Structures are given as structure tokens and as C-alpha cells.
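Order-wise, the sequence lines are chains P and C. Residues in the first sequence are numbered consecutively from 0, following numbering that gives the first Met the number 0. Residues in the second sequence are numbered consecutively from 0, following numbering that gives the first Met the number 0.
In case anyone wonders, no lab produced these hints; they're calculated from the structure. Take these hints with a grain of salt, some might be off.
[As the list claims (entries may be wrong)] Simulated crosslink set (DSSO-like; lysine-lysine; CA at most 30 angstroms straight-line):
id : chain 1 : residue 1 : chain 2 : residue 2
1  : P       : Lys-334   : C       : Lys-161
2  : P       : Lys-12    : P       : Lys-192
3  : C       : Lys-161   : P       : Lys-338
4  : C       : Lys-132   : P       : Lys-192
[What the hints assert, rightly or not] Computed far set for chain C versus chain P, every beta-carbon distance over 10 angstroms:
id : residue
5  : Ile-17
6  : Gly-94
7  : Leu-162
Computed from a prediction, not measured in an experiment: that's the story for all the values here. Where is the CB? At the ideal position from N, CA and C, for every residue including glycine.
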Amino acid sequence: MITLPDLVETVVKIAFILGLTIGFYAPIIGWIERKQSAVMQDRIGGNRAAILGFTVIGLFHSLADAIKLIFKEDFVPRGAETALHRLAPVISVVPALIAFAVIPFGGTYNLWGHETRLVIADLDVGVLYVFAIASLATYGVVIAGWASNNNWSLLGALRAAAQMFSYEVAMGLTIIGLVMFYQSLSLVEIVDKQENFYHWGIIWHFPAFILFLTCAIAENKRIPFDTPEAESELVAGYFTEYSGMKFIMFWTAEFLEIVTISALCVTLFFGGHQIPFVTVSGLIDFLGFLGPNGANAAAMLIGVAVFIIKLTLLIMLQMSIRWTLPRFRYDQVMKLGWKMILPASLIWIFLVGAGILTGVMPAV
Amino acid sequence: MELLIFYMFAIVSVAFAIFMIVARKPVSSAISLIGVMFCLAVFYVLLNAHLIAALQILVYAGAIMVLFLFVIMLLNLREKQGAISYHRTALQLAGVAVFCALLVPFMSMVTIPGTSGGAGVSADFGTTAGVGKLLYTDFLLPFEIASILLLAALVGAVALTKLKMK
Numbered sequence: 000m001i002t003l004p005d006l007v008e009t010v011v012k013i014a015f016i017l018g019l020t021i022g023f024y025a026p027i028i029g030w031i032e033r034k035q036s037a038v039m040q041d042r043i044g045g046n047r048a049a050i051l052g053f054t055v056i057g058l059f060h061s062l063a064d065a066i067k068l069i070f071k072e073d074f075v076p077r078g079a080e081t082a083l084h085r086l087a088p089v090i091s092v093v094p095a096l097i098a099f100a101v102i103p104f105g106g107t108y109n110l111w112g113h114e115t116r117l118v119i120a121d122l123d124v125g126v127l128y129v130f131a132i133a134s135l136a137t138y139g140v141v142i143a144g145w146a147s148n149n150n151w152s153l154l155g156a157l158r159a160a161a162q163m164f165s166y167e168v169a170m171g172l173t174i175i176g177l178v179m180f181y182q183s184l185s186l187v188e189i190v191d192k193q194e195n196f197y198h199w200g201i202i203w204h205f206p207a208f209i210l211f212l213t214c215a216i217a218e219n220k221r222i223p224f225d226t227p228e229a230e231s232e233l234v235a236g237y238f239t240e241y242s243g244m245k246f247i248m249f250w251t252a253e254f255l256e257i258v259t260i261s262a263l264c265v266t267l268f269f270g271g272h273q274i275p276f277v278t279v280s281g282l283i284d285f286l287g288f289l290g291p292n293g294a295n296a297a298a299m300l301i302g303v304a305v306f307i308i309k310l311t312l313l314i315m316l317q318m319s320i321r322w323t324l325p326r327f328r329y330d331q332v333m334k335l336g337w338k339m340i341l342p343a344s345l346i347w348i349f350l351v352g353a354g355i356l357t358g359v360m361p362a363v
Numbered sequence: 000m001e002l003l004i005f006y007m008f009a010i011v012s013v014a015f016a017i018f019m020i021v022a023r024k025p026v027s028s029a030i031s032l033i034g035v036m037f038c039l040a041v042f043y044v045l046l047n048a049h050l051i052a053a054l055q056i057l058v059y060a061g062a063i064m065v066l067f068l069f070v071i072m073l074l075n076l077r078e079k080q081g082a083i084s085y086h087r088t089a090l091q092l093a094g095v096a097v098f099c100a101l102l103v104p105f106m107s108m109v110t111i112p113g114t115s116g117g118a119g120v121s122a123d124f125g126t127t128a129g130v131g132k133l134l135y136t137d138f139l140l141p142f143e144i145a146s147i148l149l150l151a152a153l154v155g156a157v158a159l160t161k162l163k164m165k
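The following block holds chain P by itself, in its conformation from the complex (with noise of 0.2 angstroms):
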């Protein structure tokens, strides 16, 4: 039976999170991937918007962008199907969302009495559930493509529907051998066993990071793979018919995927919340001059700001290969994704499970 104490707990997680994804990551990467593009392309980026004066290294460009597309008219184009038209954002910013419901933030702390592990829901099938979250984020982009009543729209779609389709195949089979390795979908268990720095997914699965990465950016349609939205051939794709609140709607979901991205390469491959040679309950011990109340508060704090940290540093990864990379043509992604990177998982399967038998990696 659910009790308060419980309920309140989930409640304080899930505004946590939305607060870090919706009202802090969502306007930080805008404006992110603003100056940082600037910085590589020798600019100075926006710095024009101003409250008073101040205009806080071009902050206040996301509020401005904010503003300006709430009162932007709200266009629905004749032939449209105006009920999937309107349904298509809101389906496409969901998942991004809720797939954080398995990302563990911190580890197990002890506050009052009260057993705290800083995770929303520890299922046992953590990974299978991202996955699953994941693949409905086609949908969003499809129904949009389709209900918009314009031909550049469908092509956005069909191509974000295949290509999306082709690098989930190739994503689930990236983490297999992760998954071989931990013995264990729980993301939870997972970030668990990585409290022992030699143990971290990086060290044995690097070939895995790299194959995951790449799908995932390819299944966010981020460039390189921005095949589905490519402005030079379609206009803007799939979200050609869309404006103001539906516009950065998609564009929000976007976001929120290079969030959730970065969240399950920090839980598999980084450590989560983890710091390397440190335990969390040495951490605890270490704090012990706080009073035990004190140090698990503490060493909660620390843990969300190491993983804060991590997923900071893996977002502005992520935006350094945008900037650094031309778009892939159609061709080239679909056969990037099914014969290269699909047989490259499939032979680290392999070697992980040959690694595993033999003893060459260690049993965690």
C-alpha cells in the first residue's frame, strides 16, 4: 500500500526532474547550443537581448525566444488533420520526458529515518522501458509529417520513420553486451555496480559507447543524421506546417531527448551518480562530522551534482558533434546504420560474451 510519506517522496523526485529537464536543461541548451556553435565558428553569438542593461552573456535570448513564440499565431494549414495536427507535438515531447523515470540521480540515503533511493520508479526492466519509451518517439514526428497536409512534411516523416526504426534496432543491440556484463536491466542495479571505478561501463565497453552514442544522436535526427528536417531539401521537414507553442514544442522535445541521451550514457557507461574510488557509504562516513542526518543530506547533494555535472558535460559532447560534423545524405545513414553499426554490435556481442567465458572480464 502507498504511503504518504512515499507519495510525497515520488511527488518531490518527479517535480525534481521536471524541473531540471523542463526549467533548467530545455532554455540552458538553446542557449548552449547558441554560444557554443559561436565559440567553433569564431562568432560572438546572440548577446543582444537585455533586461535593464544586463544581458548575461546572451541568456536572456531563451526567455526572448520564449516570448515571442507564444505570441506567435498558431497556424494550422487548410487540409490539415487538424486533431492529429494539434496531438503530434504533444505525443513527440512525452517520452522524452517520462523515459527519466528509471534514470537513477543519486544513490540509497538514509534521512530521518526515512530510506530515500533517488530514483522515480526502480523497474526491473529499466532498460527494455527506455527502449520502449523511446521507439514511441517516432510517432510524434510521424503523425505530425503526416497530418500536415504538405509533401515535404511526408518525406520529413517517412524518412524520420525509417531511419528512426533502423538505429532503434541497432541501439537495443549496442547495449546487449552491457547488459551481459551487469547481468541486470535495472538501471538502478546497474549504476550499482559501477561503484567500483574498474567496473565502470566506459572502461570495458568503450567500442559500446561509441556504436550507442551514434544511434542515439541518429535517432534524436540531430545532425549528422537531420535527414528527416533537412532544410536544404524539405524545407524543415516534418515540422515544415508547425508555429509558434507547436513549433518549440518539437523543438523542446528535441532538447529533452539530448537530455535523456546524455542521463542513460551517464547511468551505463559513466557511473551515474558516482564518484570513481569512492563508495557512497564512505562518503557518508566521511561526512559523519555532520551528524548522520547531515552526511546523508551531504552526500545526497554531492551525488545529484556529480550526475548534474556528467550529463553537462555529455550534453556539450553532444553539441560539439553537431557543430562539427556536415549532414550524412539518406543513403549514407541507412547504410551506416544497418551495415555498419548493426554488424559492429552483433561482433561486440560476441567478444563481450567470449570476454565474459573466458574471464577476461572481470564478473561484477
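Keeping the supplied structure of chain P fixed, place chain C upon it in accordance with the hints.
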């Protein structure tokens, strides 16, 4: 609580199923079918089969239905042509209702072992480890046969399309 959730989703899933049959637009039908798949996943969760629920969404809602939509969009099927035949729809619905009514007495006759009263369900029932263990011990042969069948179907599909291309 569980009963409430069950009835809620049961009603929703039946509504989706009916809408899938009577909808005039192929896309609406496909989307309703996705709704039905979701409700089925909820039922699996209620039955403690979390792995099957995740696979239900991953495979049916996430992959197969995307292909359905893909084909509908590729052929650009819009609305069904011709006047709506309420007569026929009513007949179809009546047929379904009669069939369901006939099923009810059978339901009470059949009891599935191990399902009565929730007794006899082990702790690892429905977990990934539990299902995996069953698949690779008791049901190894059916599992392998199914995988070979699927592989044959896959190769067959590829061979058929290649044949047409030539």
C-alpha cells in the same frame, strides 16, 4: 485499486478497438490500434508480467505499428471512398456483440491452473530473470523453433522483394 485500473483500461481498450474497426481513415484506425496495444501493456503490468508489458510496447506499439503507419503514409491512403454504410457497421458491431456473449459461458468453464486467487505465483514470476530461465530451460525447444521460423520468414521476405526487383 487494481480492479479500478483494470476496468478503466478495459473500457478504454474496447472503445479503441471499436473505433479501430469503424474509423474511416486508415491512420485513425492505426492510431486506435496503438491505443489498444497500450491498454494490453497495462493489463500485463496488472498481471505482474512487467517484461511482457515492456516488450509489448517495444515490439507492437513501437515497431510494428510504426511500420503500419509507414505503409499507410507511403501509399498515401486518405479517407475511404463512398457513402458511409451505417447499416453495415451496425451489423458488424452486432456480430461482435453476439460473439462476445457466446464467449461468456465458456469463460466460466475454463480455469487456468495457477491463476485462481493469485496463489502459486512465485516471487520471480514475470521478472526478466524468471521468464529468461523458463525460456532457456523448460521451453528451450519451442523457443529455438520459433526463432528459426522467424529467421526463415525474414529471409523469405527479403528474397521475395529481391525477386520482384529483378
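Quick rundown of the hints versus the structure:
{"no.": "1", "hint": "P:Lys-334 with C:Lys-161", "result": "holds, 17 angstroms"}
{"no.": "2", "hint": "P:Lys-12 with P:Lys-192", "result": "holds, 23 angstroms"}
{"no.": "3", "hint": "C:Lys-161 with P:Lys-338", "result": "holds, 17 angstroms"}
{"no.": "4", "hint": "C:Lys-132 with P:Lys-192", "result": "holds, 22 angstroms"}
{"no.": "5", "hint": "Ile-17", "result": "holds, 18 angstroms"}
{"no.": "6", "hint": "Gly-94", "result": "holds, 29 angstroms"}
{"no.": "7", "hint": "Leu-162", "result": "holds, 20 angstroms"}
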